[in-house]
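Student: Using the sequences provided together with the hints, build the complete structure.
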Amino acid sequence: MTPPPSSRLPNTFRRFTGTDRYLTSPGLQAAVNCALALERPLLVKGEPGTGKTLLADAIATGLGLPLLTWNVKSTTRAQDGLYLYDTVQRLHDSRFGDGDVKDIRRYIRWGPLGQAFRAPGRTVLLIDEVDKADLEFPNDLLHELDRMRFRVLETEEEIVAAERPVVIITSNNEKELPDAFLRRCVFHFIDFPDLELMKRIVRVHHPTLDDALVDQALEVFFQLRTLTRLRKRPSTSELVDWLAVLQAAGVSSVKLEAELPFVGALLKKEQDLETFAEAAGARRARG
Amino acid sequence: MFVPFLYELRRHRVPVGAQEAVALARALEAGLHDSSLDGFYDVARALCVHSETQLDAFDQAFLAHFKGIESAGQALAEELLAWLRQASEKPPRDRTPEESEALEALDVAALQALFERRMREQRRRHEGGDRWIGTRGTSPFGNAGRAAVEGFRIEGQGGGRSALKTADARLYRGYRDDQVLDTRAMGMALRKLRAFTREGAPDELDLDGTIDATARNAGELEVVLRPPRRPDTRVLLLLDVGGSMTPHAHLVDRLFSAAKQATHWKELRTYYFHNCVYGRVFRTERFLDPVPVTTLLADCGPHWKLVVVGDALMAPYELMLRSTGLEMYDERGPEGVVWLMQLAEHFHRHAWLNPEPPTAWWAQTIRTVRRLFPMFPLTLAGLGEAVNHLARRGTARA
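Chains as they are written, first to last, in this note's numbering: chain A, 1 to 287; chain B, 1 to 398.
Hints may be right or wrong, so weigh each one.
DSS-like cross-link-like pairs, simulated, lysine-lysine; straight-line CA separation at most 30 Å [as the list claims (entries may be wrong)]:
{"id": "1", "chain 1": "A", "residue 1": "Lys199", "chain 2": "A", "residue 2": "Lys45"}
{"id": "2", "chain 1": "A", "residue 1": "Lys45", "chain 2": "A", "residue 2": "Lys269"}
{"id": "3", "chain 1": "A", "residue 1": "Lys73", "chain 2": "B", "residue 2": "Lys266"}
{"id": "4", "chain 1": "B", "residue 1": "Lys67", "chain 2": "A", "residue 2": "Lys45"}
{"id": "5", "chain 1": "A", "residue 1": "Lys255", "chain 2": "A", "residue 2": "Lys269"}
{"id": "6", "chain 1": "A", "residue 1": "Lys132", "chain 2": "A", "residue 2": "Lys102"}
{"id": "7", "chain 1": "B", "residue 1": "Lys266", "chain 2": "A", "residue 2": "Lys269"}
{"id": "8", "chain 1": "A", "residue 1": "Lys255", "chain 2": "A", "residue 2": "Lys199"}
{"id": "9", "chain 1": "B", "residue 1": "Lys260", "chain 2": "A", "residue 2": "Lys132"}
{"id": "10", "chain 1": "A", "residue 1": "Lys232", "chain 2": "A", "residue 2": "Lys268"}
{"id": "11", "chain 1": "A", "residue 1": "Lys132", "chain 2": "B", "residue 2": "Lys266"}
{"id": "12", "chain 1": "A", "residue 1": "Lys102", "chain 2": "A", "residue 2": "Lys199"}
{"id": "13", "chain 1": "A", "residue 1": "Lys199", "chain 2": "A", "residue 2": "Lys232"}
{"id": "14", "chain 1": "A", "residue 1": "Lys73", "chain 2": "A", "residue 2": "Lys255"}
{"id": "15", "chain 1": "B", "residue 1": "Lys260", "chain 2": "A", "residue 2": "Lys45"}
{"id": "16", "chain 1": "B", "residue 1": "Lys67", "chain 2": "A", "residue 2": "Lys232"}
{"id": "17", "chain 1": "A", "residue 1": "Lys268", "chain 2": "B", "residue 2": "Lys67"}
{"id": "18", "chain 1": "A", "residue 1": "Lys269", "chain 2": "A", "residue 2": "Lys199"}
{"id": "19", "chain 1": "B", "residue 1": "Lys67", "chain 2": "A", "residue 2": "Lys73"}
{"id": "20", "chain 1": "A", "residue 1": "Lys45", "chain 2": "A", "residue 2": "Lys268"}
{"id": "21", "chain 1": "A", "residue 1": "Lys268", "chain 2": "A", "residue 2": "Lys73"}
{"id": "22", "chain 1": "A", "residue 1": "Lys255", "chain 2": "A", "residue 2": "Lys232"}
{"id": "23", "chain 1": "A", "residue 1": "Lys269", "chain 2": "A", "residue 2": "Lys232"}
{"id": "24", "chain 1": "A", "residue 1": "Lys232", "chain 2": "A", "residue 2": "Lys132"}
{"id": "25", "chain 1": "A", "residue 1": "Lys132", "chain 2": "A", "residue 2": "Lys45"}
{"id": "26", "chain 1": "A", "residue 1": "Lys232", "chain 2": "A", "residue 2": "Lys45"}
{"id": "27", "chain 1": "A", "residue 1": "Lys268", "chain 2": "A", "residue 2": "Lys132"}
{"id": "28", "chain 1": "A", "residue 1": "Lys132", "chain 2": "A", "residue 2": "Lys269"}
{"id": "29", "chain 1": "A", "residue 1": "Lys269", "chain 2": "A", "residue 2": "Lys73"}
{"id": "30", "chain 1": "B", "residue 1": "Lys260", "chain 2": "A", "residue 2": "Lys269"}
{"id": "31", "chain 1": "B", "residue 1": "Lys260", "chain 2": "A", "residue 2": "Lys232"}
{"id": "32", "chain 1": "B", "residue 1": "Lys266", "chain 2": "A", "residue 2": "Lys268"}
{"id": "33", "chain 1": "A", "residue 1": "Lys73", "chain 2": "A", "residue 2": "Lys132"}
{"id": "34", "chain 1": "A", "residue 1": "Lys255", "chain 2": "A", "residue 2": "Lys268"}
No lab work stands behind these hints, which were simulated from the structure alone.
Tutor: Listed below in structure tokens is the structure:
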């Protein structure tokens, strides 16, 4: 008997299959497992509210690894993720004679990427909303993510990841990412869930909710999403919030009409509310 | 086996190269595709596609390359099971020798149980073999049968879509970048149009400068400040409204809101006109609050980026109507086309976005306007090109 082929491979790994709280599609599982097996970063895109950020959490939980989060902002530089050399503190200390100024290492502050590399075991690193940062930001990270190592210039110290962290990168498409960066990533676009999956997702979040209400709410929700003129179509997180509000308020049935209860939880823009009122009015006139 | 597929992808303009091929080979070697076409679809998509704009092209390539494979495999599996079931239902004396032989070797119930167990194991452990799609296995089920059951049914998960059906549905057509765009996509395209400069009050700590000054100062702390980085792009947007533009109003509206949302510009001014610029433009869509073009040219230096949105479709004489900055149709003023010329000459960087598709650009007035303005279609790709054109030569400043 030959052993099953996968055990002969050097890179056997624990597969990700979703968690109790996070439901995945086969496509997403394949993408995550590709990223795990090839040890490449996973780039996740998709409509806001489809659970891009939660994915990293689910992977960390599913694989039992610690999660480090790097929230990228418009002012974030690549260097911030590696380490910061706190010169001001050192200047301050040297002026007032506090602490040991000679030891530069005391003034190195590790960023999330630095922490992930220095961790003794494998970690999950979430680089959230990478597109928020400057255009050059992803390029500056290419080398570090590829080789999983960097050099601290001030101390001549080389930081090498003991185990390559699982890197999950999310993007909201506000900026295009450079090709060289994209080529190094495994890519997944989170689809909007279909009715069946959405039902399962809702069940995960609201196990006690009345079936009839869930069905009605989903019908209204998917009808709303078909209004093409909406600027921001409601997504999963809005639906879950809306159901929570409905439940808290004790609403027992909903219909798509102008006086939809708590519509503000679904539609966040003033123009969208107007569009919705028009559409609902048109429905009533027809029906 | 999958290399021809990569060339198929390239034919559909999905830019794959050696890097993708190697990654795909490694993933297949690790058995990530679970020896199934559906699995292969997911794995190949994760590795070969780098942007949702390529998903549709990927689906098409996949369909072109693999259509026919699935049905053949599935049909064989069903045929085999049906044949065995039929044979087992016959009384023993009616069976043909082959049927008896097959039934002796394989008990149908046991076979079914084995099938199911295998499938359960497969689903639970998710460990596939290293069989290529369509290569033959060694199980008692027969080659095609086993490959088909393992491959095509196991991923189906309660009536879910199979890879070919997903590919055929073309769910991602909406994300292609040569299609007309939505606000977010427009905003994204506009973001490329930016430049920064440091000016204004120095209120940001210049760390390098401070260290330098402190060192020069023999260790006495000397703080150096600098002005913060600020955006330095100014954009002038002229929108054609009414008449033949009405069908495009929605699109223009989206572009306008995308431009409004853009926070990386120092200044954005929007004016409206109808058909052609005649000496003055208007602050509102209802043509109230006119501003003479001469004032506009005086206010906005040549370093402003001028973007005109319009279909440039009108009766030819409308390009030749004369007007001044104060009066419409005033014989003393220059023609509409001359006003356009002045705008194009004044601004170093100008572009015309046309919601009409380029196939309609043979119209006479469009041809005339194209001689004055570089024209781009109002699609995501066109907007991207226009922005690249506008951003060229960086921050030319007056």
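Student: All hints, please: hold or fail.
Tutor: Quick rundown of the hints versus the structure:
Among the hinted pairs, lysine 199(A) with lysine 45(A) is consistent with the structure: their alpha-carbon atoms are about 22 Å apart, no more than 30 Å. Between lysine 45(A) and lysine 269(A), the direct Cα distance comes to roughly 22 Å. Compliance with the 30 Å bound is thereby established for this hinted pair. Between the alpha carbons of lysine 73(A) and lysine 266(B) the distance comes to roughly 20 Å, so the proposed pair stays at or under 30 Å and holds. Proposed proximity of lysine 67(B) and lysine 45(A) is supported: the alpha carbons are some 28 Å apart, at most 30 Å.
Simply put, lysine 255(A) and lysine 269(A) have alpha-carbon atoms about 21 Å apart, close enough for the 30 Å limit, and the pair holds. Between lysine 132(A) and lysine 102(A), the direct Cα distance comes to roughly 37 Å. Violation of the 30 Å bound is thereby established for this hinted pair. Taken as a hint, the lysine 266(B) and lysine 269(A) pair is honoured in the structure, with Cα atoms around 25 Å apart against an allowance of 30 Å. Under the criterion of a C-alpha separation no larger than 30 Å, the hint pairing lysine 255(A) with lysine 199(A) is consistent with the structure, at around 18 Å.
Restraint check for lysine 260(B) and lysine 132(A): the C-alpha separation of about 18 Å stays at or below 30 Å, so the hint holds. With a C-alpha separation of about 7 Å, the suggested pairing of lysine 232(A) with lysine 268(A) holds against the 30 Å cut-off. The straight-line distance between the Cα atoms of lysine 132(A) and lysine 266(B) is roughly 19 Å, inside the 30 Å bound, and the hint therefore holds. Between lysine 102(A) and lysine 199(A) the alpha-carbon distance is near 61 Å, which puts this suggested pair outside the 30 Å criterion.
Between lysine 199(A) and lysine 232(A) the alpha-carbon distance is near 22 Å, which keeps this suggested pair within the 30 Å criterion. Pair hint lysine 73(A) plus lysine 255(A) does not hold up; C-alpha atoms about 40 Å apart against a cutoff of 30 Å. A threshold of 30 Å between alpha carbons decides the hint, and for lysine 260(B) with lysine 45(A) the separation of about 25 Å falls inside it, so the pair holds. Proximity of lysine 67(B) to lysine 232(A) is assessed by CA-CA distance (about 37 Å); at most 30 Å being required, the pair is judged violated.
Proposed proximity of lysine 268(A) and lysine 67(B) is contradicted: the alpha carbons are some 43 Å apart, above 30 Å. With a C-alpha separation of about 26 Å, the suggested pair lysine 269(A) and lysine 199(A) falls inside the 30 Å cut-off, and the hint holds. A threshold of 30 Å between alpha carbons decides the hint, and for lysine 67(B) with lysine 73(A) the separation of about 45 Å lies outside it, so the pair is violated. About 21 Å separates the Cα atoms of lysine 45(A) and lysine 268(A), which keeps this hinted pair within 30 Å; it holds.
A hinted pair counts as satisfied when its Cα atoms are at most 30 Å apart, and lysine 268(A) with lysine 73(A) qualifies at roughly 23 Å. Simply put, lysine 255(A) and lysine 232(A) have alpha-carbon atoms about 21 Å apart, close enough for the 30 Å limit, and the pair holds. Taking the CA atoms of lysine 269(A) and lysine 232(A), the gap is about 7 Å. The hint holds against a cut of 30 Å. Our distance criterion of 30 Å between C-alpha atoms is met by lysine 232(A) and lysine 132(A), whose separation comes to about 19 Å.
The hinted pair formed by lysine 132(A) and lysine 45(A) meets the criterion: a straight-line CA distance of about 13 Å does not exceed 30 Å. Taken as a hint, the lysine 232(A) and lysine 45(A) pair is honoured in the structure, with Cα atoms around 16 Å apart against an allowance of 30 Å. Straight-line distance between C-alpha atoms of lysine 268(A) and lysine 132(A) comes to about 21 Å, which keeps the hinted pair within the 30 Å bound. Pair hint lysine 132(A) plus lysine 269(A) holds up; C-alpha atoms about 21 Å apart against a cutoff of 30 Å.
Using a Cα cut-off of 30 Å, the hinted pair lysine 269(A) and lysine 73(A) holds, with the two alpha carbons roughly 23 Å apart. For the hint pairing lysine 260(B) with lysine 269(A), the CA-to-CA distance comes to about 15 Å; that is within 30 Å, so the pair holds. Using a Cα cut-off of 30 Å, the hinted pair lysine 260(B) and lysine 232(A) holds, with the two alpha carbons roughly 16 Å apart. For the hint pairing lysine 266(B) with lysine 268(A), the CA-to-CA distance comes to about 27 Å; that is within 30 Å, so the pair holds.
For the hint pairing lysine 73(A) with lysine 132(A), the CA-to-CA distance comes to about 5 Å; that is within 30 Å, so the pair holds. Note on lysine 255(A) and lysine 268(A): the hinted pairing holds, with a Cα-Cα distance of about 19 Å set against a maximum of 30 Å.
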